[in-house]
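Q: Quick note, the sequences are listed as chains A, B, C and D, same order. Letter 216 of the first sequence, counting from 1, is numbered 216 in my numbering, and no numbers are missing. Letter 233 of the second sequence, counting from 1, is numbered 589 in my numbering, and no numbers are missing. Letter 26 of the third sequence, counting from 1, is numbered 712 in my numbering, and no numbers are missing. Letter 141 of the fourth sequence, counting from 1, is numbered 1341 in my numbering, and no numbers are missing.
Derived from the structure by calculation, the hints contain no laboratory data. Check the hints yourself; a few may be wrong.
Here are the simulated SDA-like pairs of lysine to any residue, each with C-alpha atoms no more than 25 Å apart in a straight line [claimed, not checked]: (1) D/K1406 x A/V32; (2) D/K1293 x B/S519; (3) D/K1299 x B/L651; (4) D/K1299 x B/Q522; (5) D/K1296 x B/T518; (6) D/K1314 x B/D454; (7) D/K1314 x B/L651; (8) D/K1299 x B/T518; (9) D/K1406 x A/N44; (10) D/K1478 x D/E1334.
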Amino acid sequence: MSTARTRLAGVTGHRLFWPLVVLVVLLAANTVYRPSFLSVELKNGHLYGSLVDIVRLSAPLILVALGMSLVIATGGIDLSVGSVAAVCGAIACLYISEQPDQNSLGAVLTAVAIAFGVALVLGAWNGILVAGIGIQPIIATLILMVAGRGLAQLVTSGQIITINSEPYKTIGVGHLLTLPFAIIIALAVTLVVAVLTRRTALGMIIEAVGGNAEASRLAGVRSRRITFLVYVVSAACAAVAGFMMTANVSSADGNAVGLWVELDAILAVVIGGTSLAGGRFYLSGTIVGALIIQTLTTSVYAMNIDPQTALLFKAVVVIAVCLIQAPAFRARFRRRHAPTAAPATPAEKQKEQVPA
Amino acid sequence: MTTTPLAARGPRAWWRVPQRQVPVLATLALLLVMYGIGVSQYRAFSNIQVVFNIFIDNGFLLVVAVGMTFVILTGGIDLSVGSVVAMTAMVSASLLGDGVHPAVVLLIALLIGPALGFAMGCVIHFFDIQPFIVTLAGMFFARGMCTWISSTSIPITDGFWTSAAQERIRIGENFVTVSVLVALVVVAVAAYTLAYTRLGRNVYAIGGNQQSALLMGLPVGRTKIAVYTISGLCSAIGGILLSFYTLSGAPLIAIGMELDTIAAVVIGGTLLTGGSGYVFGTVLGVLVLGVIQTLITFDGSLSSWWTKIVIGGLLFAFILLQRLVGIRKK
Amino acid sequence: MSQRHPVLTMTAISKIFPGVRALDGVDLRLFPGEVHALMGENGAGKSTLIKVLTGVYSTDAGTITLDGQQVSFAGPMQATAAGVSTVYQEVNLLPNLSVAENIFIGREPRRLGAVNWREMRRRAKELLARIDLHIDVTELLGSYSLAVQQMVAIARAVDVNARVLILDEPTSSLDADEVAQLMRIMRQLRDDGIAIVFVTHFLDQVYGIADRITVLRNGRLVGEYPTAELPQIALVEKMIGKELDALERLDSETDRDRAAVTQGEPLVAADGLGRSGSVAPFSLTIHAGEVVGLAGLLGSGRTEVARLFFGADRADQGRLAVDGAPAAIRNPVAAIDRGVAFCSENRRTEGLVGELSVRENIILAMQAARGWLRPVPRRKQDELVERYIKALSIRPANPDMPVRNLSGGNQQKVLLARWLITEPRLLILDEPTRGIDIGAKTEIQRLVAQLSDGGMAVLFISAELEEVLRLSHKVVVMRDRRLVAQLDNDDTLDADRVMQAIASGAAQEGLEKV
Amino acid sequence: ACGNSDTGSESGGNGDGQIVLGFSQVGAESGWRTANTNSIKESADKAGIKLQFDDAQQKQENQIKAIRNFIQQKVDVIAFSPVVESGWDTVLKEAKDAKIPVILTDRAVDSADKSLYKTFIGSDFVKEGRLSGEWLVEQKKDATGPVNIVELQGTTGSAPANDRKKGFAEAIAANPNLKIVASQSGDFTRAGGKQVMEQFLKANPKIDVLFAHNDDMGLGALEAITAAGKVPGKDITIITIDAVKDGMQALADGKFNFIAECSPLLGDQLMDLVKKVKAGEEVPARVETQETTFTQEQAKAALPTRKY
Ligand SMILES: Nc1ncnc2c1ncn2[C@@H]1O[C@H](COP(=O)(O)OP(=O)(O)OP(=O)(O)O)[C@@H](O)[C@H]1O
Ligand SMILES: Nc1ncnc2c1ncn2[C@@H]1O[C@H](COP(=O)(O)OP(=O)(O)OP(=O)(O)O)[C@@H](O)[C@H]1O
Ligand SMILES: [Mg+2]
Ligand SMILES: [Mg+2]
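Produce the entire structure from the sequences given, and follow the hints as far as they go.
A: This is the structure in structure tokens:
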């Protein structure tokens, strides 16, 4: 019995336990509201259902949040991801829209490559400001957040560029083996990031830099290079997310693509258990966090919550998520279970006391 | 045995500014340079009223940024400010619309913000949850309250409000509004609080190292809750000023204001990690944003996207110079 | 005497951290007007006991009474208010505030409710002058060396009107003179009727001042003894829980042949190396297999010299040569590439990454040198980490514990282990024995001797002159941030001569140009 | 540095008699808005009016600031598209005191004091909603059973969303069979429209009509409808507002069923008004932009000549 209890404690003590509970509760609430919520059917050889929507729609957020996790792990923050996504989506769509044959795979690949290259440049720009010049991350990336929106609109001339390109569309709404392609991309990128950070020493080094930059420098870590790198990675992730967002609706809207995604991404990272102060980061937590956020948004639509109160609903859930996750909060309700130390036996103590 | 006393550093010349204030002074100098550029480029820029307008138009931002300065000095962050500003304006407008006496409205409006701030502070402290997430929930909540109260903007016609809004306090040829005076009073009170009260010093202490502050026997919890309450109060005052400014409550007003506020505070030289910064710096930060905006309006030839790019560019130039001046001094 | 009542008693205190029983039924009694030494090995539970007392940690069992009243402080604030003033083990001050404020924050002198800055500065200056510290109190605390910070922390604690003063390893980074100052003040306070808890690993300090001693081992109480009735050897035996001869054998081993090893080309040679505002240009050579000790008073610039060798600070004058070839060491990476390692004195801010585990902290430098693409294989990690956990007796011997949760002394050992596994050619040790118990200290000394015999060059900085003398082939004396003397450690060299060199450094100016 | 206010006083660039128009635009939040901006810029060029353009980035505060600065610059006429209806009295009074006439474009303000501005030019959002609703009532007048409508609202709290919702609701009240079964905000964006529509389709087995507050949300919803295996324009009747090019194309292709136009091209009309106001001529208190509605056939005819 006691082993069962310790095993239970092990499960409930796991970092992902409470976020997952929240996710399940949200899904359950939806199912109660509409029993068919969980049903997934096969339509035209594609999986079809609200659950699939949630995962597909959270793919861009997952991508952005992955990059954001790394940035936050170094103690930084990247506000520019939304703008970077918009710029890259816009460039890709602009290039494709100018091709005689928008369905040519080559053209789409070129478009994506060009936009991706731009993303790397933008990431490098952030990286130089933060790591090279030493500007506070929030303000350094704020610059690109503001200017990047302008760039995106400059690219689209303030219009919505509509394209009609099947290969590009695939990125957002295509399917592979009945699964939405976006999910596969998100999985692949997750895998790459996970392998890159956890199979090499990169993850630990990032955590060291975030935990104590000066100590890491004195241990021979090239802190600046690492800091630079995470901003580039973050921008690259944002670019892929930007492709997905624009491919989803086959159009690039410089103003709307990725608007406020930085807040959602940071929220996902934080829900996932990574501290904004830097240090340890948890990719799996980030993904669960992103899923929670998307489920929340979808719930508002699926449960037809009045848009005027939707934000109140969001606020309640977010606060519930953080409360339930906070050990200090749970501790307050578990006082009576406080472990009591077994009293030491007198023999063990062998006090040798001398009167003062 | 002789003990060599550690050689005291040479006496400081009276004109030498303390190291800590160099960044703020550098910022001030750069701000003046920027203003000078405006004057040399656009004729009407040199009107004193332009300067006053920057204060008139940014009075509420200034007040909110002052509150944010407290929070950031402790190493926290408050994302709820923009929404609380909007909520305060909405509540005032809707209560006034219902015919409630302005004094009562003022009181209620000034209580809601701090109450929410207090609640957030308590959650942050007692449950040890990251401020970012708590105040983000607060942001959703306050904005949700706005749309819940009304999805359309509510005009204010109350006599007290309109006279507060339209009263012009003449200074020679030019004028300022009541809001400017309120903002300056808030700045003065905040600067005094930070420099000369225990609460203020504890704010710096927590920002320096919360663990150490705790071990030094400082009231960490109380101070943390206090700063979020103060930020809430400043947001409430900012909300009132905004309702003076626009004579209405609109559910979508002040969206994204938290970023402007944070930007102003950080440009003013306050470290986002806490423990270092001045209210005066925040004033400069707000002015920098105001001057950038004024420069762009005066130019009047930029398209919408170039506006954003130029704002980003000016911000970059400013930060870069500020940083370079700072490095040289280090 | 027996009718005296203890001002403070702690009875049957237990404290459990996840996986560690840090305290197990510990008692402590404090009488007014006594200095009570709390002794024990690294990780014995001394700091935890103190933190339980002042309410930083809650107790899992046991009671605390102050003046006969049962108390349970919710935190240091309450403890301070009740008259328990504490200097915690790591310097826990605020680097972003001025020295004066660090002393007075929380009880600033005020006029009409406003903080009276002028008065505060005046009193701070006065207070520091009493412990012979003459520094600019308006400067940020963070700009001073760790030792200065520690003095400030002490000044802060002794200034309050406390009935109980707790000093957790206050002397770990102080020089003999500062220690003497501190002792003087402690005596004064004791005579005023204050009860003082004193934690240290320096036995002579204990025997110099303590009235009674409480010994802890592995979180358990061993006993409480009047100092006079407990010979040093017995104390050490009680602390480590075994017979002492093993220890003595170690001690003698380190007493070794210190014949100069200056033949051949120096491994590292500094020629006119300096950095304006921090160290005056100096020249110094270090040979393979040589231990160079750096001696000097607090703030004399020893740390700065070490940082120049390591590239932690960039030299702006002079040249550095490694293996006879000029080497531009502009950053730590360049230094590490050339086989230099630097174990810094301030382990909390410049050494460890608190959140990471013991294992990760140990392999960090090695990993950084290999580049992130080539992770140290897990098997090798386990092997290395296990070896050094054992060699340095790091406790608890759990490599996956966050290093933040280790006791101070054990943290120091982790830092040392980090550099030892990189097998450097020049190892710079800045106060490596700070806060380390005697058992481990001899262990480390023996290790240094062994390494140097194996051909490693060591630059050794320690506030303890005996230690420097015991290990070094050559003692370099610093004063006022300049190198004032280089003394060969032959039989004629003793502490007095070194002190003399420090004191009369100005007169020996000539040596600087050696 | 700022003592030369006397030289500033005769500024404004009207030394050469050119009219200076200070225009504060809401932002560039949509293609519609950009077309609006372009129309105004082009017309100003054509009319020989010097345009001081300012983008408020969807913030009322910024617009007020811009108007203040226009007053400082002593422009001849101020025009702006208010972000929200209320809250303009103070700054408009300042303009009035500085004797600068003000023209509102695109959206109205709710000031009680009508003397604060000279005229209003723009479209009527309520009317757009009403026209859409009336068309639907006409279409479904034979419907016997209930007709399920889903609505994609614009940004919650924004004036066009509020007004279009209101106008539409008023119009369909004429037929009790017409029922809005779900209504959510799609933030005026394609992605938003698509995401909301996906859930509408799953939550409501029978959707007969989609009413979207703008073309973009409608276009987004199209994809969701197709993905759900339904035929837009046939299985689901789609009504939108704006008539941007992509929307018109969809209408012409038979994917949409009806669009109420909301024209951004008010530049020429505005410049006329500016000249008249400057010359002190009387102008009507309210000028409506020339707008119409489109059915599929009308769209096919109109498409080749659409400017945006
Ligand atoms: N926060 C914590 N979490 C888990 N374990 C802890 C924590 N703090 C201390 N410990 C453990 O408690 C034990 C006692 O530590 P403590 O710091 O009291 O030792 P100490 O006697 O002060 O040693 P030192 O001489 O090295 O300072 C150690 O094993 C340590 O690892
Ligand atoms: N009297 C002083 N005035 C100003 N700064 C001082 C003084 N004493 C020490 N410092 C500061 O402390 C450091 C002194 O040097 P450093 O730490 O190299 O000396 P050290 O000999 O290692 O001393 P310690 O034994 O205190 O570590 C410098 O960084 C300096 O800023
Ligand atoms: Mg200890
Ligand atoms: Mg030192």
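Q: For this structure, which hints from the list above don't hold up?
A: 7, 10
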